[in-house]
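Given only the sequences and the hints, what does the whole structure look like? Please build it.
Residue numbers (my numbering), protein chains in the order written: chain A, 1 to 380; chain B, 1 to 317.
Take these hints with a grain of salt, some might be off.
[To be verified] Derived Cβ-Cβ restraints for the label pairs, each shown as a range: (1) GLU300/A - ALA124/B: 49 to 59 Å; (2) ASN228/B - LYS200/A: 28 to 38 Å; (3) GLN151/A - PHE37/B: 27 to 37 Å; (4) PHE148/B - PRO94/A: 49 to 59 Å; (5) THR35/A - GLY311/B: 27 to 37 Å; (6) TYR31/A - ALA154/B: 41 to 51 Å.
Keep in mind that the hints were calculated from the coordinates and are not lab data.
Predicted model only: the values in this text are computed from it and were never measured.
For each residue, glycine too, the CB sits at the ideal point set by N, CA and C.
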Amino acid sequence: MTALDTASDTPWLDPDGQTPLVQIKGVTKKYGDVTAVDNVDLDIYPGELFCLLGGSGCGKSTLLRMLAGFETVNGGSITIDGVDMSEVPAYDRPTNMMFQSYALFPHMSVEKNIAFGLQQDRIPKSEIKDRVHDILALVELQDFKKRKPQQLSGGQRQRVALARALVKEPKLLLLDEPLAALDKKLRKQTQFELANIQEKVGVTFVVVTHDQEEAMSLATRMAVMDAGRFKQIGTPTEIYEFPESRFVADFIGSANIFEGRVTEDVADHVRVKTEVCDVFIDHGESVKMGSKIWVGIRPEKIRLTKADKPAVGENQASGIVEDVGYLGESSIYKVKLSNGQIIDVTAPNQLRPMSRQHGITWDDHVNISWEPSSAMLLNS
Amino acid sequence: MREARTQIAKPTQRPLHQRIMRRLQKHWQLVIVTIPFAWLLLFFLAPFLIVAKISLAELAIASPPFTKMIEWTDNGIMTIRVVFDNFTYILEDDLYLNTYLNSLKISVTSTILCLLFGYPVAYAIVRSGPVAKPILLFCIILPFWTSFLLRVYAWMGLLADQGTINNVLLAMGVIDEPIRMLYTEFAVYIGIVYTYMPFMILPLYANMEKLDGSLNEAAADLGSRATNTFFKVTLPLTMPGIVAGCLLVFIPATGEYVIPDLLGGGNVQMIGRVLYNEFSRNSDWPVAAAVAIVLLLLLVIPMMVFQYYQGKASEES
Numbered sequence: 001m002t003a004l005d006t007a008s009d010t011p012w013l014d015p016d017g018q019t020p021l022v023q024i025k026g027v028t029k030k031y032g033d034v035t036a037v038d039n040v041d042l043d044i045y046p047g048e049l050f051c052l053l054g055g056s057g058c059g060k061s062t063l064l065r066m067l068a069g070f071e072t073v074n075g076g077s078i079t080i081d082g083v084d085m086s087e088v089p090a091y092d093r094p095t096n097m098m099f100q101s102y103a104l105f106p107h108m109s110v111e112k113n114i115a116f117g118l119q120q121d122r123i124p125k126s127e128i129k130d131r132v133h134d135i136l137a138l139v140e141l142q143d144f145k146k147r148k149p150q151q152l153s154g155g156q157r158q159r160v161a162l163a164r165a166l167v168k169e170p171k172l173l174l175l176d177e178p179l180a181a182l183d184k185k186l187r188k189q190t191q192f193e194l195a196n197i198q199e200k201v202g203v204t205f206v207v208v209t210h211d212q213e214e215a216m217s218l219a220t221r222m223a224v225m226d227a228g229r230f231k232q233i234g235t236p237t238e239i240y241e242f243p244e245s246r247f248v249a250d251f252i253g254s255a256n257i258f259e260g261r262v263t264e265d266v267a268d269h270v271r272v273k274t275e276v277c278d279v280f281i282d283h284g285e286s287v288k289m290g291s292k293i294w295v296g297i298r299p300e301k302i303r304l305t306k307a308d309k310p311a312v313g314e315n316q317a318s319g320i321v322e323d324v325g326y327l328g329e330s331s332i333y334k335v336k337l338s339n340g341q342i343i344d345v346t347a348p349n350q351l352r353p354m355s356r357q358h359g360i361t362w363d364d365h366v367n368i369s370w371e372p373s374s375a376m377l378l379n380s
Numbered sequence: 001m002r003e004a005r006t007q008i009a010k011p012t013q014r015p016l017h018q019r020i021m022r023r024l025q026k027h028w029q030l031v032i033v034t035i036p037f038a039w040l041l042l043f044f045l046a047p048f049l050i051v052a053k054i055s056l057a058e059l060a061i062a063s064p065p066f067t068k069m070i071e072w073t074d075n076g077i078m079t080i081r082v083v084f085d086n087f088t089y090i091l092e093d094d095l096y097l098n099t100y101l102n103s104l105k106i107s108v109t110s111t112i113l114c115l116l117f118g119y120p121v122a123y124a125i126v127r128s129g130p131v132a133k134p135i136l137l138f139c140i141i142l143p144f145w146t147s148f149l150l151r152v153y154a155w156m157g158l159l160a161d162q163g164t165i166n167n168v169l170l171a172m173g174v175i176d177e178p179i180r181m182l183y184t185e186f187a188v189y190i191g192i193v194y195t196y197m198p199f200m201i202l203p204l205y206a207n208m209e210k211l212d213g214s215l216n217e218a219a220a221d222l223g224s225r226a227t228n229t230f231f232k233v234t235l236p237l238t239m240p241g242i243v244a245g246c247l248l249v250f251i252p253a254t255g256e257y258v259i260p261d262l263l264g265g266g267n268v269q270m271i272g273r274v275l276y277n278e279f280s281r282n283s284d285w286p287v288a289a290a291v292a293i294v295l296l297l298l299l300v301i302p303m304m305v306f307q308y309y310q311g312k313a314s315e316e317s
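Below, the structure written as structure tokens:
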């Protein structure tokens, strides 16, 4: 694959000169005094599976509903495929939505539910039949087309909702918590199915979710939202490995966060003095000398060793194991440092403890350490 | 040894009241079903059979004023007299036929009017905010707190030639002489639609309240405009509420007596009035009973249609 191909397959990674499918500019939505969405900007590129991630009430659903045309925009503009959407009603937009409740018509069969959207466009009957047939094959529901929604399982209903939204071949498919109503096992399986279907049909997806695992596994890019604003936009790897703020580091995965002050800031490394230890980072970051800053370290990036003597030096500290959570594939250790701070460390259980005794257990004296590349510098 | 064991296995006798309570607890479903059945049997089926019996009798100067169905002659022979004259009389006389038709016309029209006005009201209540909704529902139920008769009299005061409406219009100079409203069919329609409106709105409200609001959004999202969504989604899904509301209005409106009597005067013939006249003025109980039976049949048929519809709906779901 040439470099050019890579660029056109994933325009969001190199947006220069690419035309976004969706342009959200300075969009604001207010309900009375409450600002649900506060002056956000976002470009979404063709073929993306973009996730809006955030806690309840962060404005992610409101933003999705503004894209669908169910909510008016108080300020700013939304452009889809070059057309300003401010005067376009929901029924005329090149978008389709998959509702959290699925909103299937209970008085219509699966087939009729899916055909409903095509009938509105006055498409010839034979073509409707073919398209319904094809989409039913895609979501593997051919045998259920005569059933009513209440005769289907949750997972089947979810696929009918997806088929109904996809059959109109929208430019943009909006999914509101598409997997929230499924149980955990089915959710994991459906996650991959959804991504596969998106790849097959090539439609741009915008997914709203509160489940970070779902967002991480689905998204090409994601936006973390809080209080109506974007905290960070990036690929799942960027968001997880290079969070910009304490909020993002803490919201996505978990992180041990401690306060520090920048003591050295040169082109190829940064040094931060914290209460725990001196943190050395082996790459340049744009920080101010002497400024207050937060350091975050992911629990799985910390090495945990039994210690005879306390660790001294940068990127390491020592403490006592206060608590252990055995999860099977991994364990969580709560290590109490000498200054009283508790650090979470997760470690995969790679060895089977034949003696039924784990290597590290309660009240062990341990040293913790991490690679110079692991520490994340966060602003508040 | 063996005998001793059987003695132990024999249950000790509990006190009587405990045994009865246990029985009740065991058969509580039966008890719950029996009570309404007994009630219906005693207060609905028995009177109906009495009326049916009277409708098959002949007018007589006696007390009560009709012939007996079963008579014993001196030598112990039982004679049963069943007369269908009352029914043939009703069906042959144009007065009764026309009155039935007029009653049906008025009740069907009133039902449609109730539906046309009640549907948007129910829809508006469902869509209203959390503060407004209980207040609006309360307003629908509020008229029941005043006597029905009193409210009909109030309408007489409003609609009369020298009534409030005419007086206001005259004072404003909109009209030169009073409009005749009281003792017309118009007044009867006003009375029936006004009285039975809550019986249309409440079942519709209960039905619409269950509808998922996102269905409308889903339809719009799939390219359907509001009118189309109403006919393709909202209307079919509110059909059970429409049927229930229509029956609750249609059935009592057909047999309505007070409203046509007070607001329609002698000008509007409805079967309820005829029934009353036969019974009390003409003292012709057998004909009155026959009128009632025919009316009942007229009302039972739409009921059966409703049952059929409901059965089909529950089959589908």
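Comparing the hints with the structure gives:
1. GLU300/A - ALA124/B: 49 to 59 Å: holds (56 Å)
2. ASN228/B - LYS200/A: 28 to 38 Å: holds (31 Å)
3. GLN151/A - PHE37/B: 27 to 37 Å: Cβ of GLN151/A to Cβ of PHE37/B: about 34 Å, so the range 27 to 37 Å holds.
4. PHE148/B - PRO94/A: 49 to 59 Å: For PHE148/B and PRO94/A the Cβ distance comes to about 57 Å; the hint holds.
5. THR35/A - GLY311/B: 27 to 37 Å: For GLY311/B against THR35/A, whose Cβ atoms are near 52 Å apart, the range 27 to 37 Å is violated.
6. TYR31/A - ALA154/B: 41 to 51 Å: holds (44 Å)
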